[in-house]
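Using the sequences and the accompanying hints, generate a full structural model.
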Amino acid sequence: MSAAQIEIQMVAAVVAVACALPGAFLVLRGMAMMSDAISHAILPGIVAGVLLTGSLHSPFLILAAALTGLLTTVLVETINNTGQVKEDAAIGIVFPVLFSLGVVMIAKFAGDMHLDTDAVLLGELAFAPFNRFTVFGYDLGPQALWIMGSVLAVNAFFLLLFYKELKLATFDPSLASSLGFRPRPLHYALMGLVSLTAVSAFDAVGSILVVALMVGPPATGYLLTDRLDVLIGLSAGIGIGNAVLGYWGAHLLDASIAGAMATTTGIAFGAAVMCAPKRGLVAQWRRRRRQRWTFAEQMLSIHLRQHENTPEANRECRIEHLQEHLNWEPDFAQRVVSYASKKGTIRRENGHLSLTEDGRAVAQDAATRT
Amino acid sequence: MPPSSDSNPAALSVRDLTVAYQEEPVLWDIDLTVPSGVLMGIVGPNGAGKTTLLQAILDIVPPAAGQVRIFGAPYEEQRHRVGYVPQRGSVDWDFPTNALDVVLMGLYGRLGWIRRPGTDEREEAYAALEKVGMADYADRQISQLSGGQQQRVFLARALVQEADLYFMDEPLQGVDATTERAIFDILRTLQKRDCTVVAVHHDLQTVPEYFDHVMLLNVRRIASGPVEEAFTEENLRRTYGGRVGFLKQQDMGTTAPDGSEETEPS
Amino acid sequence: MIDLFSQLLTDYTLRTVALGAATLGIVGGGLGSYAVLRGQSLLGDAISHAALPGVALAFLITGSKAPLPLMLGAAFTGVLATLIIIGVTNTTRVPYDSALALMLSVFFGVGLVLLTYLQQHAGAAQAGLDSFLFGQAAALVEQDVVTMAVLGGVALLVMLLFWKEFKILAFDPAFGRSLGFPIRALDVALTTLLVIAIVIGLQTVGVVLMSAIIVAPAAAARQWTDQLGAMVALAAVFGAVSGISGAFVSGTTANLPTGPTIVLCMGSIVVVSLVIAPNRGLFWMWWNQRRTSQRLRRERVLCYLYTLARKHEHPKYAHEAATLDALVSGSTRTTYVLRQLAEAGFVSRTEKGKWHLTDMGIEEAHRLAKSRNLISDFPPTEDERSTD
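Protein chains in written order, with our numbering: chain A, 185 to 554; chain B, 3 to 268; chain C, 665 to 1052.
Don't read these hints as lab results, they were simulated from the structure. Among the hints, a few may not be true.
To list a few chain B residues with every Cβ distance to chain A over 10 Å, as calculated [what the hints assert, rightly or not]: (1) Asp31; (2) Asp33; (3) Ala66; (4) Tyr77; (5) Arg90; (6) Gly114; (7) Ile116; (8) Gly149.
With the C-beta cut set under 7 Å, the calculated list includes, among others, these residues of chain B facing chain C [what the hints assert, rightly or not]: (9) Leu60; (10) Ile62; (11) Val63; (12) Gln80; (13) Tyr86; (14) Pro88; (15) Trp95; (16) Met107; (17) Tyr110; (18) Gly111; (19) Arg118; (20) Thr121; (21) Pro210; (22) Arg239.
The calculated label-pair distances, taken between Cβ atoms and stated as ranges, are [said to hold, decoys possible]: (23) Arg848(C) <-> Gln468(A): 16 to 24 Å; (24) Asn754(C) <-> Gln475(A): 14 to 22 Å; (25) Gly39(B) <-> Lys351(A): 52 to 60 Å; (26) Glu79(B) <-> Arg544(A): 48 to 56 Å; (27) Ser728(C) <-> Leu465(A): 52 to 60 Å; (28) Val818(C) <-> Lys351(A): 31 to 39 Å; (29) Gly149(B) <-> Gly364(A): 28 to 36 Å; (30) Met949(C) <-> Glu79(B): 32 to 40 Å; (31) Asn498(A) <-> Thr755(C): 42 to 50 Å; (32) His82(B) <-> Asp549(A): 50 to 58 Å; (33) Asn498(A) <-> Glu235(B): 32 to 40 Å; (34) Leu825(C) <-> Arg366(A): 39 to 47 Å; (35) Val814(C) <-> Ser239(A): 32 to 40 Å.
Using N, Cα and C, we set each Cβ at its ideal position, and we do this for glycine too.
Structure (structure tokens):
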């Protein structure tokens, strides 16, 4: 591994963690698409910053773009609050309009600057090691690492400080406000962090990867844990893993690094959807298969119990009847009956089915459980 | 014997119906027979599966097991004889359409694919709006109707279906007292025309007054039948848990065990 | 004006771009109306991003840059992404918007990988594929516009044919199913039409801005009408107008890209519609609110006069405006309200500057009091009491 390769991976890992922290809350608050909206809508802010400062790397640029991100949030809410346009439609209008504004500004005023739409969308991580951060002639590593490290620090500090408040405001906004925690300023602060992170990350990884890194790891972690603190830790870890694996994937294929990282994010998510221990599709399928038999046994015993000692018992409590009324295939009915008689919950006499004491207990248990 | 072998089959007969979301059953082994021509109320606590029961009968949610017969035949064959009034909250009332147009939707099933409603259908829909007292509002955007008026529009949409069996999900939710009366007058009229109505209902107080049959549901069927037989203190306690101990069987109109309403004993 | 018009007829590039933009606007606006009403406004954004790998794949397979195979490839991955989003939402606890954002970025990332891979291995042959995605209206040729028009026309035709079915799908799917319509199939069909509307626009406005083409004309149209048919038609008109004017403005101004210009036109239409559309516009709502509060103030003054008069057992007993001021929330504008009432003939002024009810006013006040169940008394409200 060359020094540049290590540096690229370090930058990517820092970006991944910086994105995962606010991202976890975006996912939980049902505002994942705001990451997409903000990461596009900051373009006019970036352009304005570049035009005013004449540099692509001024801190003022970050401020201008972060303010544009907040403006996006405010605009979306204002339009939504008119009660005439739903929130998703408001998002779907605001960010393309702001993005268009940015593109037009570039075309009109900043044609000669090194700034084009592709760069904002796609980023170029491979260039990250070329911009060095030097103090008094000492090379302190890639500039992007320092910028993203600072953003990560801000995000982590904010989360540590307001963890409890954010948790409450996410879970139960009305309770939070009744306790005096003011979810609205908190909401804007979170959106401010999203903007700050998106704008700082854009020239390293591009806006699309920002979305992938903000939403992907938390969504993946959400399938693996029920605890918020674990979710945040997992998101950071998964983010780093996706970034590093993505980097080597890109290296292997000689393809876009940002694209490869988004791809590994997708693969990790897909793996979690399939194989997550409790919530994965495989686990769901196996549980359903296992429960199919106990469920069928319960249904059978409840059915028998309901018709026990009733005049129609003779008709209801026969195996043929199960086929007809429980929609069971003849074969399946036979197997359920064998399964239940083996377990000793039912008795079979000349085709007439009756419950044993155990069977009655099963029926009782199932009935009270529901 | 199964009702299908009767010469005059029950309007609705449900056998061993079970519905499960994920692994948890929401409806467990429901048996229910609704004779033709009755008004039946379905009551039960929140999460008892009332809406799910209607949707399973109407094949909107797939049952895990069980069988549904409408007038002795599967629902698929009897669809044209069934009308449905979903919960008012289930649709977006800001949808760009007017009251008459919503009522016209009730005729889409009869029209079949691609054919559009014409003048005849519009007249029919208008007549239905007249029956529910909403003819003046035919051109009104639906978001500009009050809750009670929206409910009447839904009812009119069901009326144009000219069904024999109606399923209504909380037709009285969020309507004022006058509308409640009006709606029940319409249901009575339906009953006089030999229609059968099965309605999810939330107000226990008015059950004896409005319905002649009742089903008490809490995942399982606790009881069903004529109100005077099934709507007992014992059954209500089994449906709602211990909270209804004070309900007097003789004087059913006094307390609402779902805890939301309170009235003085008369 | 005539200049512009003749330019449209003679300038090949401008005409092609304008026609393409108009097609895109009509189809996007029309089908976008359904997307907006069904709460799928952001699905368009996901679909347009998900088109990228499809375009790359289509090129990889066919080796052709003709619009039709590229659009079909784009449509394929667009539909695939939609199905995955729906599947993930239905089978896991991941919420819809997260699934949307995730699939959007993942598909786009896969597309980028494919595109850069092609760059390395197919050499210059793939050049121009990215213009398909980031929008380069100026590069549109006649063949592109014809493909757009045919695909879009078919999509609109299908929408019109199944108008009634799609309407019930959008308004009340559970009821539609109870009528026997295959709601799921209709859902897939309508979403596929939306995908078509999106892929035919990518070349003109690009991936990022496509969302606006779907959402903006529809949201603007909703402000002006309460009927689905009119909304769809109006959205198509707004889309076409924005498309053509965007093409014009950018075609006749130096350094103005077409796609963003179209989107900015749409944005302006949305803002104007939000503000001035009758009934739903903000200005209109503000005006209505003002009128209502004025009417309520008049009615309150009328009722107070009536109460005071009843206390004096003489219905036309005259009062100082200041007496009423004290009663009506300490407002000092009572005189203004009284003048309005006088104009309507409900009160009149004595020579001493006192006010009393007229016969008409008594009748009106009585009617009001009765309709509000206030016949016996008008107890002052909390804040009125505190200002007393």
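Hint check:
no.: 1; hint: Asp31; result: violated (5 Å)
no.: 2; hint: Asp33; result: violated (7 Å)
no.: 3; hint: Ala66; result: violated (8 Å)
no.: 4; hint: Tyr77; result: holds (14 Å)
no.: 5; hint: Arg90; result: holds (19 Å)
no.: 6; hint: Gly114; result: holds (30 Å)
no.: 7; hint: Ile116; result: holds (30 Å)
no.: 8; hint: Gly149; result: holds (17 Å)
no.: 9; hint: Leu60; result: holds (5 Å)
no.: 10; hint: Ile62; result: holds (5 Å)
no.: 11; hint: Val63; result: violated (10 Å)
no.: 12; hint: Gln80; result: violated (11 Å)
no.: 13; hint: Tyr86; result: holds (4 Å)
no.: 14; hint: Pro88; result: holds (5 Å)
no.: 15; hint: Trp95; result: violated (10 Å)
no.: 16; hint: Met107; result: holds (5 Å)
no.: 17; hint: Tyr110; result: holds (6 Å)
no.: 18; hint: Gly111; result: holds (3 Å)
no.: 19; hint: Arg118; result: holds (6 Å)
no.: 20; hint: Thr121; result: violated (16 Å)
no.: 21; hint: Pro210; result: violated (29 Å)
no.: 22; hint: Arg239; result: violated (33 Å)
no.: 23; hint: Arg848(C) <-> Gln468(A): 16 to 24 Å; result: holds (21 Å)
no.: 24; hint: Asn754(C) <-> Gln475(A): 14 to 22 Å; result: holds (20 Å)
no.: 25; hint: Gly39(B) <-> Lys351(A): 52 to 60 Å; result: holds (56 Å)
no.: 26; hint: Glu79(B) <-> Arg544(A): 48 to 56 Å; result: violated (39 Å)
no.: 27; hint: Ser728(C) <-> Leu465(A): 52 to 60 Å; result: violated (38 Å)
no.: 28; hint: Val818(C) <-> Lys351(A): 31 to 39 Å; result: violated (51 Å)
no.: 29; hint: Gly149(B) <-> Gly364(A): 28 to 36 Å; result: holds (34 Å)
no.: 30; hint: Met949(C) <-> Glu79(B): 32 to 40 Å; result: violated (51 Å)
no.: 31; hint: Asn498(A) <-> Thr755(C): 42 to 50 Å; result: holds (43 Å)
no.: 32; hint: His82(B) <-> Asp549(A): 50 to 58 Å; result: violated (43 Å)
no.: 33; hint: Asn498(A) <-> Glu235(B): 32 to 40 Å; result: holds (33 Å)
no.: 34; hint: Leu825(C) <-> Arg366(A): 39 to 47 Å; result: violated (53 Å)
no.: 35; hint: Val814(C) <-> Ser239(A): 32 to 40 Å; result: violated (49 Å)
Violation of the numbered hints given earlier is confined to hints 1, 2, 3, 11, 12, 15, 20, 21, 22, 26, 27, 28, 30, 32, 34 and 35; the remaining hints are satisfied by the structure.
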